[in-house]
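Asks: One-letter residues, chain by chain:
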Amino acid sequence: MSYLVQGKKGEQRLFMGNEAIARGALEAGISVAAGYPGTPSSEIIENLAKVSKERHLYVEWSVNEKVALEVAAAASFAGLRALCVMKQNGVNVASDFLLHLAGSGTRAGLVLVPCDDPGALSSVNEGESRHFARLVEIPLLEPGNFQEAKEMVRYAFTLSEELRTLVMVRSVTRLSHASGNVTLGELPPTGSKAYFKHDGFILDQMEGAVISSPVEYKHTLQQERVQKAAELFEESPFNTYCGPPDPEVLLITSSACNLYSKEAVRLLQAESRVGILKMGTTWPLPPRFVERHLRMADTILIVEEVLPFLEESVKILAAELAPTIGVKTFYGKRDGTIPATGEMNPDRVVQGLARVLGIDYQPVSESYAQKALESAFFGAPERDLTFCPGCPHRASFWSIHNALQLDHRQGFVCGDIGCYSLAMRPTGYETLKTLHAMGSGTGVASGFGMLREFGLDQPVLAVSGDSTFFHAVMPALANAAHHGANITVVVLDNSGTAMTGFQPHPGLTVDAAGKAVQALDIRRICEAMGVEVRQCDPFDLAATQAALLELISSRQGPNVLILKQLCALSPERKGKRRFNMHIVETICMGENCGCNRLCTRVFKCPGLIWDKVKKVSRIDDVICAGCGVCASICPAGAIQKEAV
Amino acid sequence: MNGSMTALAADPYNMIITGVGGQGNVLASRLLGNMLMAQGLNITIGETFGASQRGGSVMSHLRASTFNDLSPQIPKGRAHLIVSLEPTEALRVLKDYGSEQVHVLCNMRPIHAIAVISGEAQYPEAEQLKGWITDLSHTAWFLNATETAMEMGNPIFTNIILVGALSATGVLPLDRDIFEATITRMVPSDKIAKNLEAFDRGKELIES
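Heads up: the sequence lines are chains A and B, in that order.
Position 152 of the first sequence, counted from 1, bears residue number 151 in numbering that gives the first Met the number 0, the numbering being contiguous throughout.
Position 82 of the second sequence, counted from 1, bears residue number 81 in numbering that gives the first Met the number 0, the numbering being contiguous throughout.
It should be emphasised that the hints constitute simulated quantities derived from the structure, not laboratory data.
Hints are supplied without guarantee of correctness; some may be wrong.
[What the hints assert, rightly or not] The calculated EDC-like cross-link candidates involving lysine to aspartate or glutamate, where the alpha carbons are at most 16 Å apart (straight line), are:
1) B/94 <-> A/539
2) B/94 <-> A/381
3) A/370 <-> B/99
4) B/94 <-> A/590
5) A/563 <-> A/539
6) A/613 <-> A/590
7) A/52 <-> A/510
[Said to hold, decoys possible] Computed far set for chain B versus chain A, every beta-carbon distance over 10 Å:
8) 9
9) 19
10) 77
11) 122
12) 169
13) 170
14) 186
15) 188
16) 202
We treat Cβ as the ideally placed atom computed from N, Cα and C, and that holds for glycine.
Use the sequences and the hints to build the structure in full.
Replies: This is the structure in structure tokens:
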């Protein structure tokens, strides 16, 4: 049994924020959960999938976030509580349906949890989902610690049913992927029944058809719901004030910044000077509650991440209330006291708060700081991210890079989102030249592929992972095929959503809960679009490069090369070597070889080491995964492989 | 285990477990967190996951306290203990979080950064690294946990060996019984004996 459902009410657990969110959904009695994997959100669905049998849940990894929201919404329409989970980018994908869903309203509780990634720790942007709550007019909650992450999700279902609208609970990396003590609540009985009533009066939200028209009427209802939410939030226990009754500075914050702010006040020993107003209900703001606190001080500091979302809402209220509460001085992102990009942390808050309070703060002595900086400069060489040892993508990009060099026409690759985005970096031979949203590699390539009549004669390639293929590449490839774009799409099929922890996708034979399901064949899908398809093992460098050269020379519309090889971290491959690798020191000529250390200087697999003393390459036995690819690149034949 | 609050040298007590992606850093922080939570402490752990399998530096911030509102990121210069699975990572963490008071437990097995493998950067000598780390800490312990793990048959035990070693340093209340109770909940039953062996081997590395 998963520890997520073990233990009685009142017991404490060390839960990751994502586990707390999953537990909150279980305590709320959900029946359905859907999402698309993306760091930092993935563990919510993963944990729910693990308990799906014993808690009688339907849990799926959907093909993309829009579909995930549609799946969850269907459960709500049929009277079942449902959770939908995604990372910040996902809300963009889901936003088309989201706008309509906010208009049509919901029935049983429906909660959307986006996990934002301030600082882009595992993203290629630090977009914010909070603005979608304001944009589509639905309530927004932001948990300020781990216990709240659980409680708020549970409450969000009640709120959703009270207002008959979708409710958004926004997490961030430092809540989702951080852990803390959480006190368990009760798990309700399971066994809900689904029934979709659709033949009632058209304007009856619980019995009629679910639709967002008549638009103006429904839009009015939507705004009334937001008004009502603001009323309910006036009494919300998630909004708290901590500090003296007449602080010199009122610090207003939300989410993980609540924890940084408390830490900053403690570090500056400013407990008697600063009061912290922590908002858990950040859209819409409860006006009277905020007014009461704005009256406490004339200097206001707003701490949040990333954009000044809360800051703007508070300022609107303060402007409206100015005749009664007077003029306030605001510090925050708009005046640069708090940075408006990147992740917050206690130090950044200390810096801003110290400035407002006029305090000088030094974390360590100057001499220690200087000594530590120098030692790290000389002693800790920077660590660039790299493909894992044994990763099929290193081999794939080695071949793509080489084929483009051999072709001589300045061909390029439109990149995409996944582990293989790393090919932007030297460790992937800087092969990717554009990188945007999921599926955009093929979409952008499709555009480049139509520019021949404007003189673009460079080979155009796109890369796609297998999960990404189903998520958003299929429509882009359909577009390329239909219009005859001259491109080569390389599908890097490593049989899983490796970037986020190996979640299943439609190309695999199991679903999130481990049940056998129908697998969709990428090759046959491409062929059905009338596209020429080849398949290679990327570990076979020669065959892969030959196929690539042939495909990029062809000028007849799009073609596809599937490079299929299991991820080195997949359960089937992990820890199992195909080859024992060794280097024959007498054959390796190192710097004196014509290759000038091709294996370590250019190929750059972390399983190889350059032995400075012996002037030969070495295999690092702790790191080498035994894929055998480096044996194929050594021109001297010094790297040898022996089948295990 | 009563009186655990007084067993901590500071409140909050701030630990950083650092290493390179794939070294088992996250498991070690969860294990230590659960061992300390079992003694009635509030635990906050902050982890950087994104690069966890991809060769980047990985750090877990682990805080034990009577407070329950700690930031998952330790403020600059405020670490009391650094456990490092790789020596250059210890230096990197000392730069931001170290102070004259910090204790360091450091595994000496190098993992070469890509820039080192390619020849653009130099990896320092072990003795030089020990000198810098010693100079930047109150107390530093160095050990070859990876080699010990390989003697046991698998480098995967490196992190457990370090937890065992940490218990022997006496800087935190981490005894074998608590380790056994905690690891029993965290790993399949057929793996418990090997983990206990790793813990004991780690203890011996400090005690001998």
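Asks: Can we trust that residue 19 of chain B is non-interface, i.e. its beta-carbon lies farther than 10 Å from all of chain A?
Replies: Given a closest Cβ separation of 7 Å, the condition is violated.
Asks: Say whether it holds or is violated: residue 169 of chain B keeps its Cβ farther than 10 Å from all Cβ of chain A.
Replies: Label holds. Min Cβ-Cβ 23 Å, cutoff 10 Å.
Asks: Are residue 94 of chain B and residue 539 of chain A close enough, with their CA atoms no more than 16 Å apart?
Replies: 44 Å, violated
Asks: Has the given pair, residue 94 of chain B with residue 590 of chain A, been kept, meaning a C-alpha gap of at most 16 Å?
Replies: 35 Å, violated
Asks: Closest CB-CB distance from residue 188 of chain B to chain A, is it above 10 Å?
Replies: Residue 188 of chain B clear of chain A: closest Cβ-Cβ about 14 Å, beyond 10 Å.
Asks: Regarding the pair residue 563 of chain A and residue 539 of chain A, is the alpha-carbon distance no greater than 16 Å?
Replies: 11 Å, holds
Asks: Over 10 Å to the closest beta carbon of chain A is the bar; see if residue 170 of chain B clears it.
Replies: 20 Å, holds
Asks: Given the hint that residue 94 of chain B pairs with residue 381 of chain A, test it: the Cα-Cα distance must not exceed 16 Å.
Replies: Holds, at about 13 Å.
Asks: Does residue 510 of chain A sit within 16 Å of residue 52 of chain A, going by the straight-line distance between their CA atoms?
Replies: Between residue 52 of chain A and residue 510 of chain A the Cα gap is close to 13 Å, so the pair holds against 16 Å.
Asks: Can you confirm whether the C-alpha distance between residue 613 of chain A and residue 590 of chain A stays at or below 16 Å?
Replies: 11 Å, holds
Asks: Checking the smallest CB distance to chain A, is residue 77 of chain B really beyond 10 Å?
Replies: 7 Å, violated
Asks: Since residue 122 of chain B was said not to touch the interface, does its Cβ keep a gap of more than 10 Å from each Cβ of chain A?
Replies: Label violated. Min Cβ-Cβ 7 Å, cutoff 10 Å.
Hints 1, 4, 9, 10, 11, counting from the list given before, are not met by this structure.
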